[in-house]
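Given the sequences, and given the hints that come with them, work out the whole structure.
Chains as they are written, first to last, in our numbering: chain A, 1229 to 1634; chain B, 1229 to 1634; chain C, 1229 to 1634; chain D, 1229 to 1634.
No wet-lab data here; the hints were simulated from the structure. Just so you know, not all the hints are guaranteed correct.
Copies of the same chain look alike in the list, so a pair counts if it fits in one copy or across any two.
Subject to a maximum C-alpha distance of 35 angstroms in a straight line, what follows is the list of computed DSBU-like cross-link-like pairs (lysine-lysine) [what the hints assert, rightly or not]: (1) Lys1600 to Lys1625; (2) Lys1632 to Lys1429; (3) Lys1309 to Lys1466; (4) Lys1543 to Lys1309; (5) Lys1429 to Lys1466; (6) Lys1494 to Lys1479; (7) Lys1494 to Lys1372; (8) Lys1233 to Lys1605; (9) Lys1584 to Lys1303.
Protein chains: 4
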Amino acid sequence: MNKKKIINDPIYGFVTIHHDIIFDCIELPEFQRLRKIKQLGLTSLVYPGAQHTRFQHAIGAMHLMQIAIKSLRAKDIDISKEEEVGALLAILLHDIGHGPFSHTLEHSILDDVNHENLSSYLMHQINNKMNGQLSLAIQIFEDKYDRPFFHQLVSSQMDMDRLDYLRRDSFYTGVSEGTVGIERIIQMLNVRDNQLIIDQKGIYSVEKFLMARRFMYWQVYLHKTSIAADELLLNILKRAKAIVNTPVSIKVSPYLQFFLENSFTKHDLSNNNVIENFCNLDDSEIYSAVKIWQNSNDKTLSVLCKMLTNRDLLKIELFDSPIDIDFINEKIDETSNRLNVSDSEARYFVCVGELKNNAYTRTGDSLKIGMKNGELKELSETSEIYNLTNDQKPQVKYYITSLKLV
Amino acid sequence: MNKKKIINDPIYGFVTIHHDIIFDCIELPEFQRLRKIKQLGLTSLVYPGAQHTRFQHAIGAMHLMQIAIKSLRAKDIDISKEEEVGALLAILLHDIGHGPFSHTLEHSILDDVNHENLSSYLMHQINNKMNGQLSLAIQIFEDKYDRPFFHQLVSSQMDMDRLDYLRRDSFYTGVSEGTVGIERIIQMLNVRDNQLIIDQKGIYSVEKFLMARRFMYWQVYLHKTSIAADELLLNILKRAKAIVNTPVSIKVSPYLQFFLENSFTKHDLSNNNVIENFCNLDDSEIYSAVKIWQNSNDKTLSVLCKMLTNRDLLKIELFDSPIDIDFINEKIDETSNRLNVSDSEARYFVCVGELKNNAYTRTGDSLKIGMKNGELKELSETSEIYNLTNDQKPQVKYYITSLKLV
Amino acid sequence: MNKKKIINDPIYGFVTIHHDIIFDCIELPEFQRLRKIKQLGLTSLVYPGAQHTRFQHAIGAMHLMQIAIKSLRAKDIDISKEEEVGALLAILLHDIGHGPFSHTLEHSILDDVNHENLSSYLMHQINNKMNGQLSLAIQIFEDKYDRPFFHQLVSSQMDMDRLDYLRRDSFYTGVSEGTVGIERIIQMLNVRDNQLIIDQKGIYSVEKFLMARRFMYWQVYLHKTSIAADELLLNILKRAKAIVNTPVSIKVSPYLQFFLENSFTKHDLSNNNVIENFCNLDDSEIYSAVKIWQNSNDKTLSVLCKMLTNRDLLKIELFDSPIDIDFINEKIDETSNRLNVSDSEARYFVCVGELKNNAYTRTGDSLKIGMKNGELKELSETSEIYNLTNDQKPQVKYYITSLKLV
Amino acid sequence: MNKKKIINDPIYGFVTIHHDIIFDCIELPEFQRLRKIKQLGLTSLVYPGAQHTRFQHAIGAMHLMQIAIKSLRAKDIDISKEEEVGALLAILLHDIGHGPFSHTLEHSILDDVNHENLSSYLMHQINNKMNGQLSLAIQIFEDKYDRPFFHQLVSSQMDMDRLDYLRRDSFYTGVSEGTVGIERIIQMLNVRDNQLIIDQKGIYSVEKFLMARRFMYWQVYLHKTSIAADELLLNILKRAKAIVNTPVSIKVSPYLQFFLENSFTKHDLSNNNVIENFCNLDDSEIYSAVKIWQNSNDKTLSVLCKMLTNRDLLKIELFDSPIDIDFINEKIDETSNRLNVSDSEARYFVCVGELKNNAYTRTGDSLKIGMKNGELKELSETSEIYNLTNDQKPQVKYYITSLKLV
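Encoded structure:
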C-alpha cells in the first residue's frame, strides 16, 4: 500500500507524507480522535470560522517541520534521516494528549495532568506497541536528545507549533492581522552549537512575529466574549461534578460519566481504564452533555447549560486592577436574588479572573540572535520592541462575569 | 443595543448585519444550533479542512444576497426595503431545517421529511412568535411572492446558496479548482419581467461556474472515500433503529433516543415534541452515540461503530454499469463468513448505490440568458458546453462497499 | 559568492535557485532585459494590474519545473542532475527571444522571425560563451533530446510555460476565474515510454484547466479593448516604417531607429549587429517613441500616437461572420473624410481581423491520458468536454476597428 | 455613455466608479500617464513583482476612501454627496504630480518642486478646464476645507494613501509581513469635532499597522540593493545634466532633453511648456535614455548606464555611525584608479547617505485615540510600542556605495 499520501490543506495546499511511519501514526485511533477536537474550543462563538481541529494543526506543524529541516540542511546543518523522522513524529504527536475543548477543560477532566504529560504518556504507550519506533521522537519531545535544536523546533519561542497555530488561527478566524510570514521566518532559522538561533537579518521578522502574536492574544485568544463562554463551560463541568452523586443528576455518555464520578491524579493514568476512557472523549461528548443537562433538576446546572446552548452568554467586564471583593459580593447577591439560588450556587455565574498577554515568554526560555560578526545575542539586547512585548511591562486585565440584565 | 454587528468571515472578510431583524434571527436557538452542524458532514475524513458549518454558510449566503441586491439596484431594478429584508431573511433561514450531518442523515432521523420541509415548518413557527415579521421572507422562500426573482436568488440554478457553498466548500477543502468568480457572476445577474436572468456577457462566467461545480462534484461531493464513510454512518443509524427495542441496545442522548425509538411522518411535526427534540440534535449526538455503540453487545453495530470512529472505512469499488447480483451475493457471503454474522447483518457492510453528477439540473428549472438584442435564450441554446454538463449524457457510476481485506 | 538565492514571488512565495548556472543565466543582460518587457503588453490598458513581466514569468515557470521534477522523481521516474539542470535552463530561457510588447510586435520588429527562433538563436550564442553548459538545455528546448518528456514539460499542451502564464495572468489581471490548480495538475503528470502523460484521475483537473484557459482567452487575451489597442500599436509601427525615410519622420532611440530603417530576415541574425540592437530594445523604446511621434508632421502617425498615449482607443465591433467589403470601405471613407487623409492612410485606422480561441490546440500535439488499466488514451477519447474546447467547433469572431464617433 | 465602470483590481477585486466626474478624471491624459510610472521605481530590481503603477495605487486609494465614507456614515457622521465626491477626487488625484520613478527622481527632473506642489498645480489647471468641478477636492487636498477630517483621510498618519500603498507594496513585492488589516482599521476610524480619530478598541490595529509599516521600511523601502540602484540612477541623471551642453552628449527623447538642458524653479511652472513637457515624461524615457547613454563618449556616464542596464549595481555598505571622510576618500581613490577617471568623476560612484526609518512621523502630525470614556488621547499616551516606532529613538543607518571588486 502506498503510504506517501498527500493531504489537502487550505493554508499550505498539498501536504506530503514522506515516511510510512508518519502515515501509520496518523492512522492511529489516538490521533484520529483529534479530528473531533477543535483547536480553539468556544472561540467559534465569536469567530464562526474557527472550526479547525487539532488534527489539522498537527499535520500543519509537521509540514512546517519538513520545510525547516530542508532549509537547515541547505545551510549545511547535518541532519540524519532518523533525526528527520524523529522530529517529524515529535511535532506530529505533540498535542496527542489534548482532550475535549483543548486548553479550556485541560484541568477539568483530569485535575493535575496537563496535555503535555498526557502526550508523553500516550507516546510511550504507542512506542511500546510499535517496538520502539518512536524512541527518538520521544527523546526529542522530552528534550532528552543531545542536539537540543530538535526539541526547540518542537517547543520553544520560535517553534513549528506556534508558527502553525498563529497562521492557522489567523486564517480561520479571518483576523488577517495575525498573519505571519512563516516562510521567511523559517529561512532565518539556523543552528549553532546544536542550539536553534535566528540569523541577524531575521530580526525584523521576529519582531513582526511577536507583534502578530500579541495582536492575536488580544483580538482572539483573550477575546472577552470567548472568555465568558469558557467560564460558562468550566462552571458547567464543575457543577456537574459537584452534583454527580446526588439524585438529581442525569446520565450522559459513559466515557464522560467516568470522569465526572471519579477524580484521578497523574498516578492513576496506568490504572482503571483512565487512558482508554480519555481517548474516547472529544468535543461531542461535552456538547451533547450540555444539551442533556439543560433539563437537569438542578436549577444551576440547567440555567448554565441553557445559556451556553443558546449562546446567551455571561456578561463580562474588564478592569485594570483586581476586582474589589465588595463588588464581587454585590454581584453574587444580585445573582442569588435573581435566580433564587444560594450564594454558593451564584458563584457559578460570578467568576473572576485575569487575562495576561504572555505572548513572548511562555516557557521562560529565550531567543538567540546570531549576529553577523559571529556573536550570539539575546533578542532583548538587539530588539527595540522586545521589552514591551515581554514581562517588563506585563499586561494584565481583571475580569468579572455576571448575569446579563434583562 | 447596537445590532449592526460585524461578523468576521475567512472568505469575505467583514460581513455586516444591516437590519435588527436579521440580528434577532441569528440569535435564535434554532439558528445557533447550525454552529454545530458541519456543512459537509463526513467529508472532513477526506479533506480535514472541511470543518465549516451550516451557520457560516447561512451567514455567507446572506452576505452575497446583500451584494446581489446592491448590484441589481445599480441596474435600476426597483427593490423596496421590505423586499430586501425579506430576501435576506429567506436566504439566512433557508437551511434552518437541517439536522445532524446535513444531507447524509436527512432521511434517517425523519423518514419522509426533507430539510426544506423542516425549514418551512420552522420559519412558520418562528414567524408566529415574531408576529408575522417573516411573512414576506416565507413567501419568497416558498416561491409564493409575485416577483419570482427573489425566490430565484434563494433557490435556482444560480442562487446565492450555491454561490456560497461552492466557494466555501472549495475554500475549506483546499480544492482550489472549485473557486468561482462570485463577484463577476453577481454583476452579471439581471431581472427581466421579474425573472432572474444572466446578461449575455456573463455566459463564460456561467460556463466556468458550471465546470467548477462539476469539478467539485467528482472531487469532493462524490469522493468515493466520503461515500464509503456516509454508507457506514447510514448503516449505523439503520442498525441502531433496528435493534433499539431489543435488550442489547445501549442508551444514548435522550434527544436522539427519541428518534430511534419512534418513527414519525410529516404529519407528526406538530405533535409529540418532535420539533423540540429535533432542534436539540446536532452532529455531536451522533458522534457521541457512535462511540458509545462501539461497546454494544450487538456485534454488527459494534463493528460498524468501531470502523467509523477509527476511520477504518469500508472498501468501495466503482463500476460503469450496475453491480451484478452475483457479485453482491459473493461479497455478502464473504462478510458473513468473516464476521460470523447472518446474511441480513452482512448487508450492513455490503451497500450498493449510484453516484450521479447532477451538477446542473437539480430542480429542473433552467437558466435564462438576456441577449444584447433583447431576446431571452435558454443557456442550452447559447452555450457550447451546457449539454455536456447536463442530463443528455448523465454521468452515473455504480458502487459497492465491502469489508477491507486484512 | 552564494548563488543559492531566493527570489520573492507574489504568487509562489519564495522561489529558490538551486544551481549556480541558473543564477548565472538570470544575471545575463539578455535575461535582465526581460524585466522591462511586460508579459501582456497593452492588456494593462484594460486590466491595470497586468504589469507583470517576462522576467517574472520565466522565473515562475522554472519554479514549476522544479516542482514537476520533484513530483516525477517521487513516482520513480529517473531524472539525473544534468537532466534536471537542462530542463530548468530550457524553461528559464524559453522566452529570452521576446522583444518589446511580446507577441503584439513579434513580427513588426523582425518580419519573419518569431520569438522561438530568437530564443534558440540567443541560447546558442550564450552557450558558446559558456563553453557548452547549455547544450542539453538547447537539445531539450529544440526537442532533440531522446527523452521527449523534458521537451513536453517546456512546450506541449500541459507545459510549465502555460501553467505559469495562466496562473500569473489570472492573478495580475484579477480575473480569478482563470485560476488553475497548478499543484494538483503537476501531481497528475507522469511519464510513460519517455512521453509526458496525465494519470487518469487527473482528467477532471485537465478539463478544468482547459475551461480556465478558454475563459482567459475570451476574458483577457482576446478582450476587444485590448485588441483595439494592439491594432493601434501595430499600425503605429507600420506607419513609422512606411515614412521613416521621408523628411517628415522624427528620430527616436537609435536601437529602434535601426529596425525602422532596415528590414531583416532570419538570415541577417548573425550580421549587422541585429541581435545586439534587438537586445537593447524593450517596452520603453516603444512607449517613448509613441510619445515623440505625437508631434510628427505626419498627420496619420501623429493622430495614432496621440490616441494610444491618451488611451483614446479605436472603436472595435465584433461579428460572427467575415466583415463585408462594402462595410469596410464605408468605414474607410468615413475616416478619410473625418481626418482629411487619403484612403490608404485611413486604412491605418480601419483594421479587420479575426479572434480565434485556440485554447487547446496550439501546436497540434495531443494530450495522453494514462488509464488505470495501463492503456494510453487521447484526451479526446476520454473527456466529454474536449471536443468543444477543440477545433471541431472553432470559435471565430471577426472584428473591425474604426474611429470613435465624436 | 455609462460611466459607472468597474475596474478589476488584483487586491480588492472589483472597484466601482460611482460618479461620472471620477470617470472623467481617470480618462484625463494627465492621469493616464500614471499607468507608466511604477509605484516603487527600481525596487523591482530586488522584488521582481513590484511592477505596480501609480495609476493602480490612485484607483485603490479612491476605493478605500469609498469604504471609509460608507463606514463613517454608518457611524452617523454627516457627509454630503458633494463632500464625498470631493474626497474621492482629492485622493484620486493626490499623486498626479509624480514624475518618472516617483520619489527617486523627484528632485532630479525639477529641482525645487516636490510632487505635492505639482499635484496641486495640475489640479488647479484641470479645475480651470472643468469649470471648477474640482474646487472642493482642491480645498480638501490643500487642507483649506473647514472639516479637516477629509484632508486627514487624504493625508495624515492614517490616510487612505498609506493604507493602500502599504497593502499594495506588500502584495506585489510578496513581502507578506507588510499586510495590514485595512478593513478593520477603516472600521475603527471615527470623527470628533471634525477631526479624524481612532476608536479606542482600534489601538491594537493601529500598533499592528505601525509595525507593518516599520517592517516594510527596512525590508522594502530602504532595502540596500534598491538604494544602491537609486543612487546609480540619480547619478546618471546628474552626470547627464552636467555634460548635456558638451559635445559628448547623445540626444534622447525631446521631453527629457528639455529638462536636461534647462533648470527650472517653482516659478517657471506656468511658462515655457514646463508642465506640458513634464506630462510627457514617464519611466520609459528614463529607461530608454539610460540604454542610449551606454554608448556615450563620456566614460562616466557610459559605465554608470551599463551598470544599471545590466543590473550590475554598486556595492553598498551600511554603518551605524556617519562614514569617516578618510574612508570615503579611499574609495574615491580606488575608483579613479580603477576606471582611470578624475576624482570628481569618481564621486558619481562613491555616494554616501543615510537611511532613516521615519515610519510613523512623516508630517509631524499625531494620531488621536478616542477613549471609551469620551477623552481624546495621543497615541503616544496609550500605546506601549509607539515610542519605539517614533522619533524618540530614531533609527539611522549610514551607507556608502562603491564599485564592486572584480
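Taking the numbered hints from earlier one at a time, note which ones the structure violates and give those numbers from smallest to largest. 3
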